[in-house]
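Position chain B against the provided structure of chain A, taking the given hints into account.
There are 2 protein chains.
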Amino acid sequence: MLATVGVNSAAAATTSDIASIRQRIRTGAFSGHTSGLAPGHVQGNVVILPADLATDFLLFCQRNPKPCPLLAVSERGQHSLPTLGADLDIRTDVPRYCVWNDGAIIDEPRDIRRYWRDDLVTFVIGCSFSFEQALTEGGIPLRHVTLGLNVAMYRTCIATEPAGRFHGPLVVSMRPFTPANAIRAVQITSRFPSVHGAPIHLGKPELIGIDDLARPHYGDALPVAADELPVFWACGVTPQAVVAAARPAFCITHAPGCMLITDRLNHELASF
Amino acid sequence: MLATVGVNSAAAATTSDIASIRQRIRTGAFSGHTSGLAPGHVQGNVVILPADLATDFLLFCQRNPKPCPLLAVSERGQHSLPTLGADLDIRTDVPRYCVWNDGAIIDEPRDIRRYWRDDLVTFVIGCSFSFEQALTEGGIPLRHVTLGLNVAMYRTCIATEPAGRFHGPLVVSMRPFTPANAIRAVQITSRFPSVHGAPIHLGKPELIGIDDLARPHYGDALPVAADELPVFWACGVTPQAVVAAARPAFCITHAPGCMLITDRLNHELASF
Numbered sequence: 120m121l122a123t124v125g126v127n128s129a130a131a132a133t134t135s136d137i138a139s140i141r142q143r144i145r146t147g148a149f150s151g152h153t154s155g156l157a158p159g160h161v162q163g164n165v166v167i168l169p170a171d172l173a174t175d176f177l178l179f180c181q182r183n184p185k186p187c188p189l190l191a192v193s194e195r196g197q198h199s200l201p202t203l204g205a206d207l208d209i210r211t212d213v214p215r216y217c218v219w220n221d222g223a224i225i226d227e228p229r230d231i232r233r234y235w236r237d238d239l240v241t242f243v244i245g246c247s248f249s250f251e252q253a254l255t256e257g258g259i260p261l262r263h264v265t266l267g268l269n270v271a272m273y274r275t276c277i278a279t280e281p282a283g284r285f286h287g288p289l290v291v292s293m294r295p296f297t298p299a300n301a302i303r304a305v306q307i308t309s310r311f312p313s314v315h316g317a318p319i320h321l322g323k324p325e326l327i328g329i330d331d332l333a334r335p336h337y338g339d340a341l342p343v344a345a346d347e348l349p350v351f352w353a354c355g356v357t358p359q360a361v362v363a364a365a366r367p368a369f370c371i372t373h374a375p376g377c378m379l380i381t382d383r384l385n386h387e388l389a390s391f
Numbered sequence: 120m121l122a123t124v125g126v127n128s129a130a131a132a133t134t135s136d137i138a139s140i141r142q143r144i145r146t147g148a149f150s151g152h153t154s155g156l157a158p159g160h161v162q163g164n165v166v167i168l169p170a171d172l173a174t175d176f177l178l179f180c181q182r183n184p185k186p187c188p189l190l191a192v193s194e195r196g197q198h199s200l201p202t203l204g205a206d207l208d209i210r211t212d213v214p215r216y217c218v219w220n221d222g223a224i225i226d227e228p229r230d231i232r233r234y235w236r237d238d239l240v241t242f243v244i245g246c247s248f249s250f251e252q253a254l255t256e257g258g259i260p261l262r263h264v265t266l267g268l269n270v271a272m273y274r275t276c277i278a279t280e281p282a283g284r285f286h287g288p289l290v291v292s293m294r295p296f297t298p299a300n301a302i303r304a305v306q307i308t309s310r311f312p313s314v315h316g317a318p319i320h321l322g323k324p325e326l327i328g329i330d331d332l333a334r335p336h337y338g339d340a341l342p343v344a345a346d347e348l349p350v351f352w353a354c355g356v357t358p359q360a361v362v363a364a365a366r367p368a369f370c371i372t373h374a375p376g377c378m379l380i381t382d383r384l385n386h387e388l389a390s391f
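So the protein sequences, as listed, match chains A and B.
Under the working numbering, residues 120 to 391 are what the first sequence spells out, in order.
Under the working numbering, residues 120 to 391 are what the second sequence spells out, in order.
Calculated directly from the structure, the hints in this document are not laboratory data.
Cβ atoms here follow ideal geometry from the backbone N, Cα and C, with glycine treated the same way.
Please note that the accuracy of each hint is not assured.
Said to hold, decoys possible - Restraint ranges, calculated between C-beta atoms of paired labels, are given here: (1) B/LEU266 x A/THR133: 52 to 62 Å; (2) B/ALA299 x A/GLY258: 25 to 35 Å; (3) B/ALA344 x A/CYS276: 48 to 58 Å; (4) B/ASP221 x A/ALA389: 51 to 61 Å; (5) A/GLY258 x B/GLN181: 14 to 24 Å; (6) A/ALA278 x B/ASP346: 15 to 25 Å; (7) B/ARG182 x A/ALA345: 23 to 33 Å; (8) B/GLY155 x A/PRO201: 50 to 60 Å; (9) A/ARG143 x B/GLN181: 48 to 58 Å; (10) A/ALA345 x B/ALA345: 14 to 24 Å; (11) B/ARG366 x A/GLY258: 21 to 31 Å; (12) B/ASP136 x A/ALA345: 31 to 41 Å; (13) B/ASP346 x A/ALA344: 16 to 26 Å; (14) A/ASP346 x B/LEU266: 25 to 35 Å.
The following block holds chain A by itself, in its conformation from the complex:
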């Protein structure tokens, strides 16, 4: 699963900051959560699959763009992602990985050079850190950030559009807002379709199969005040949950909260 904790609204990290952070990750000196690291820079969820599953997963992402907004797909066997960073190497540049065999995690290494194969395809999927920066810059407080918690996430009764072996329920993240801030949050996040975009639901959690907001399926429960509405976004946990449920013989993902830091700026992603 992905952690979607926190967001840092400080000034954007410089090119040399990014080089320094990447070097620490690459050498294994840093293997922690990336929330708040490299402020202003796009972070991504990572799914690495053998080529025989990659076409189905690509199709799954195409059919489910809200939970699975693709930032980049590598060439088969290539460990570079030139559109996300000139020197990126997906084998070393994620702080911590999960290596999966038949749906079970068998290793959580700091690099995956020893697992690399010539048939692997890397998918990098947008992350809500990007739109959370825009919300924070827009003066909209985020409850989970204020409380130092992870965002609340729920499996819904909304089915994703299946593709080959990949199917399962849409997972959503929830942020409580006053009605006025909920409207503003729709406006702000609509500008960022490549990082989940606008909410998919607000108010009335029971309509999407969430019976108890106090019991999230992932992350932390967040209080929703009497003058607030719960606002729900499609969540990057969805593709990871779908891949885990498909139990591929072999798969690599980032470890929860340990995202790929890219050279791209969140502001670059704004659609208008």
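Positioned in the frame of chain A, the structure of chain B alone reads:
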């Protein structure tokens, strides 16, 4: 008060259609409601005030752009509105007017040439007909249109920003939508800041002083289904209610639902 009934999503009226409609209004042959007339064309709320009140009212609109989005303000004493239509004459081109003395309607004529004075200033304020067209074109059904009713409108506990003699509560219109359509409605109406723009509230009517949705202060009650949220927009009734409450010695407005039809297209108003 303004009626904000209906919307016509048919193909836009042509230039000759508009000329024909305007001629019928100008000659007094048509004096009815303009909902559905001149599809695709901007319609406006009209407030005409003596110059000694016009500065305060202009300031009121500037301070309250959500309920009072100004489409045009005439030169003092001029009955033309060239930015809204080359041949427009505000003395004849509204189907029916209300003439007010000290807060009371003293006449509802089809033209106001006999009331015209050299110190009058005309304000034309955007109308929700424009964004309702965009919602309808976006595939979002409008309950009041489906039911052939007027939209529901409520006085809220939100005070407008006063200016001189003008002050009073914000009036809102309410349209019920499913959560997904409510989100889409925020996106669509955000594109139209000059016709009230995004909603100001959704869900939880009690937070803005509306105790009973079934008892609107203007217009018709609309059913809100269990899977819907009430969505509230700042309403063009606000400036008229504010002007009526200020009881100016002399004032002219359009009669409810009998709007000024302009040459401008609703699509021209879209901000992106």
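*Which earlier hints turn out false for this structure, listed by number in ascending order?*
Numbers 3, 11, 12 - these are the hints that the structure violates, sorted from lowest upward.
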